[in-house]
Amino acid sequence: MGPAQGRPGFYGGNRAMNGTPDIMIEITGLTKAFGTYTAIDALSLKIAKGEFFALLGASGSGKTTLLRLLGGFEFPNAGRIVIDGKDVTDLRPNQRPTNTVFQSYALFPHLTLAENVGYGLLNLRLPKAELAARVDEALSRVRLSGFGARFPHMVSGGQRQRVALARALICKPKVLLLDEPLGALDKRLREEMHLELREIQRAAGITFVLVTHDQEEAMSLADRIAIMARGRLLQIDTPRALYEAPNSREVAEFISNVNLLDGTCLGVDGTEARIAVAGIGEVRVSTDAGAIAPGAKVTLGIRPEKLRFVTAPDPGVNALTGSLRVVTYAGDRSHVVVEVPGLTRPLLITTPNRARLLSNADAVGATVIVTWDSAAAAILNS
Amino acid sequence: MIGLWHRSPAFRGWVLIAPTLLILTVMLVIPLGMLVAQSFWTQTGLTIDRTPGLQNYALLVAPEGAIYRTLLVKSLWISFASAFVVLLFAFPVAYFIAFHVKRSKLTWILLVTVPFWISYLLRIFSWKIVLGFGGALNSGLIYLGLIDAPIEALMYNQAAVILTLAHSWSAFAVLPIYVSLQKIEPQVLEAAFDLGDSALQRLRRVILPLAMPGLLAAFLLVFVPTMGDYITPSLVGGTDGVMVGNAIATLFGKQNDAPLGAALAVATMGAVAVLVGLILVAARASGLWRNRS
Amino acid sequence: MSGRSLSLYAVLYLVFIYAPILLLPVFSFNDNIFVTFPLKGFTTDWYAEMAANAPLGKALRSSLIIVGPVALISTSLGLMAALALGRSPIRFKAVIIGLLMLPLVVPTLVLGVSLLTLLRGVLGVQLSLATVAAGHVLLCLPYSVVILLARLDGFDRSLEEASLDLGQSAFATFRRITLPLMMPAIVASLLLCSVVSFDEFLLAFFLSGADATLPLYIWGSLRFPAKLPSTLALGTCLLVFSVCIVVLAEWVRRRGAPGSTAATGL
Chain A
1 MGPAQGRPGF YGGNRAMNGT PDIMIEITGL TKAFGTYTAI DALSLKIAKG
51 EFFALLGASG SGKTTLLRLL GGFEFPNAGR IVIDGKDVTD LRPNQRPTNT
101 VFQSYALFPH LTLAENVGYG LLNLRLPKAE LAARVDEALS RVRLSGFGAR
151 FPHMVSGGQR QRVALARALI CKPKVLLLDE PLGALDKRLR EEMHLELREI
201 QRAAGITFVL VTHDQEEAMS LADRIAIMAR GRLLQIDTPR ALYEAPNSRE
251 VAEFISNVNL LDGTCLGVDG TEARIAVAGI GEVRVSTDAG AIAPGAKVTL
301 GIRPEKLRFV TAPDPGVNAL TGSLRVVTYA GDRSHVVVEV PGLTRPLLIT
351 TPNRARLLSN ADAVGATVIV TWDSAAAAIL NS
Chain B
383 MIGLWHRSPA FRGWVLIAPT LLILTVMLVI PLGMLVAQSF WTQTGLTIDR
433 TPGLQNYALL VAPEGAIYRT LLVKSLWISF ASAFVVLLFA FPVAYFIAFH
483 VKRSKLTWIL LVTVPFWISY LLRIFSWKIV LGFGGALNSG LIYLGLIDAP
533 IEALMYNQAA VILTLAHSWS AFAVLPIYVS LQKIEPQVLE AAFDLGDSAL
583 QRLRRVILPL AMPGLLAAFL LVFVPTMGDY ITPSLVGGTD GVMVGNAIAT
633 LFGKQNDAPL GAALAVATMG AVAVLVGLIL VAARASGLWR NRS
Chain C
676 MSGRSLSLYA VLYLVFIYAP ILLLPVFSFN DNIFVTFPLK GFTTDWYAEM
726 AANAPLGKAL RSSLIIVGPV ALISTSLGLM AALALGRSPI RFKAVIIGLL
776 MLPLVVPTLV LGVSLLTLLR GVLGVQLSLA TVAAGHVLLC LPYSVVILLA
826 RLDGFDRSLE EASLDLGQSA FATFRRITLP LMMPAIVASL LLCSVVSFDE
876 FLLAFFLSGA DATLPLYIWG SLRFPAKLPS TLALGTCLLV FSVCIVVLAE
926 WVRRRGAPGS TAATGL
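From first to last, the protein sequence lines are chains A, B and C.
Residue numbering for the first sequence follows this note's numbering, beginning at 1 and increasing consecutively.
Residue numbering for the second sequence follows this note's numbering, beginning at 383 and increasing consecutively.
Residue numbering for the third sequence follows this note's numbering, beginning at 676 and increasing consecutively.
So here's chain A without its partners, still in its complex pose (with noise of 0.2 Å):
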């Protein structure tokens, strides 16, 4: 069990869950070695039925690993897969309940798509009209009624996508397994996608269990985040306590632009830490974001829309000044690079843009104050 799992608002996000909520995954001490590479390490994970769950993390982090794991395609060394309270662990990936649509979509070419999407449903010997009264239901749920008699090849990307869905939840699986899916679309199709996803995940009540290297496509899908690593599990959070509460700089960096700070504790005030951060001086964090003991080395995590330009700071206030470096124009923000005496890194700011500005030539080199919220900084363990 990682080490976020303790926390309050583990079953968090969109869905309310009354009590210990149903598990529909367990998996328990998975080891997964191709020679002497060790691509998954004494892994355990709990994902709660209906939940859609993010695998979350680079290559090589083996995210697709535990996918295919979880499928069938491979088989472990050491550990337990449990799907429903069924011990799948054994199991061809034709004898688990689980669905897979692959990164690649794999598409049979050789088959309509309506022979495609009817492929699932083969070992049930239907009849005829049945079997195409059931393919042209799943293809109307994806948008795509009527392309039944249509070649993989001659439709886009986006309804190939679409199709492999289909293909999918056809089966009416317990599990949903998405690797990487949206790769290969470009940014308008994939964020239609991540309504559509959503839709269908909610209407149908499937769980899902996504793999993506993108951090704002798992942060926008997902009930719940695992960020792997090096075949270990960093964290495993909502979303929001991802990005607000990260566990370590590795997460913290991992999931959005941050701005480290090293320090040491000082003591504790009250509701107040005092840190003496290595070049600038002492700044003030709040204790909520985790105890913290005097003495002991403390990393900050500031993120950079949490950062504020002021004329002059208050009293009591984290305050730091430097000069403007670098100004990004993003049309709604703006993301400044200022250096500060003293920092080994500038400091990364996200400003909204407030000011019908047509230029900012003008503020490259100017001297600027920057004030953040003592709550603003979430304790960063190593």
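Watch out, some of these pointers could steer you wrong.
[Claimed, not checked] Straight-line alpha carbon distances no greater than 20 Å define the calculated EDC-like cross-link-like pairs of lysine to aspartate or glutamate that follow:
(1) Lys306/A - Glu339/A
(2) Lys484/B - Glu925/C
(3) Lys172/A - Glu836/C
Hints listed in this document are in silico derivations from the structure and should not be mistaken for laboratory results.
Place chains B and C on chain A using the hints.
For chains B and C alone, kept in the frame of chain A given last:
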């Protein structure tokens, strides 16, 4: 067992390839091994003395073995020349089909390879018809009044062998060259022009290096088999065009000296391997062949 | 290299390739036992002689008998080997592939002699069409594996996993997905192995017993000038047959295009 079949892809792989490996071992590895073993024995008359020794190899390098050495060198030369001629003539055709034919590429490929479908013997024989003393070329030229008497030098020599081999094996060269030319992205060719190359420069700097794997494959596909050919030299080579294959066949046959034949065969294969290695090294060193992954 | 001069060159090249071969039909209808110009007269006598030739008919039958089994066995073994090499994580793949390609690199003459020594000398097996067939399988294996492996490589591995995922057994997956998608390569392999076996002379020369294959028959008849014209007639028939097969294959392919070739991912 069933569990292992399902759980281990490696196990499945070994089971699938086992029959093939068995055949390869029994019909290839063992016989060749026996051949190598044979090369260390001696045979007098019909009795074989199985005490191992290097006498056959010693003979091949000694003055008495000079005929075999010259034969081997001559064969290397004939095969090399044939392969080179084939490449020279096949490259423009492959280039033509790859870059200048738009719609009927496959038809052209088929046209080039159809002769391959005729019996190998008959292909060689057709050249015998053409080049022979009383053959088509001679009688045709006499009929047309261009010459008075048949030209003897047309056949039963090295040139005839090279010509016949080049004709027979040409399809083997066009295909690999065509395939590797096809793989070149058209945008790369356009980029070369964009950066200032003339057509000839582009050929030398871009097309040839990229097509090198196909060229090498084509060369080897012709060079290696023709080394062992003994039908072509028998039919059109005469005494001048004898190749090492004839000598090996005779040693195993009429001359009843299988061990020496085996030694000569081993020496031939060794010579081919060395030459192929040299060619590959030369191709790398000349900078014409850089591995693109 | 202008387009014009290249096309001219290509045409000349084709003329060079086909001219000697086209002499076969020309002289097979020529009323002259010697193959020289000028042409004497048109006759179909040689064809009649060829058709009536009993040993030729027997040799043709022998060749045809071994072609089927050789093509089937080579392709089946080649398919299994391709699946093993292309899909499974077995070690020493480079060595195995090297071994597989060895029959192409070792002179057939050497193969013939070594196999003869093994079969007759060591194993004491009687030479027959079966031994010829065995030799041909050895020769055809590399071609078969290369063709099938090339096709397998261009083949998304997830397709087979998807089929398993959707409830089909491993065997059903093979039947419904792998086999149909491999079919063009399987057909190509069967055809190529048939051609290689039908045309193969040298191994047949060493490994045949009482029954001659067609190439062996041709070799025998090349030594007798009297039999020459009927041999030319035979050659012409083979040429026409090959051309017909190629034209037929091309016609089938064109009829199937554009949808089906793309559908099978060719």
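The hints, checked one at a time:
1. Lys306/A - Glu339/A: Holds - the C-alpha atoms of Glu339/A and Lys306/A are around 17 Å apart, at most 20 Å.
2. Lys484/B - Glu925/C: holds (17 Å)
3. Lys172/A - Glu836/C: holds (18 Å)
Every hint from the earlier list agrees with this structure, and none is contradicted.
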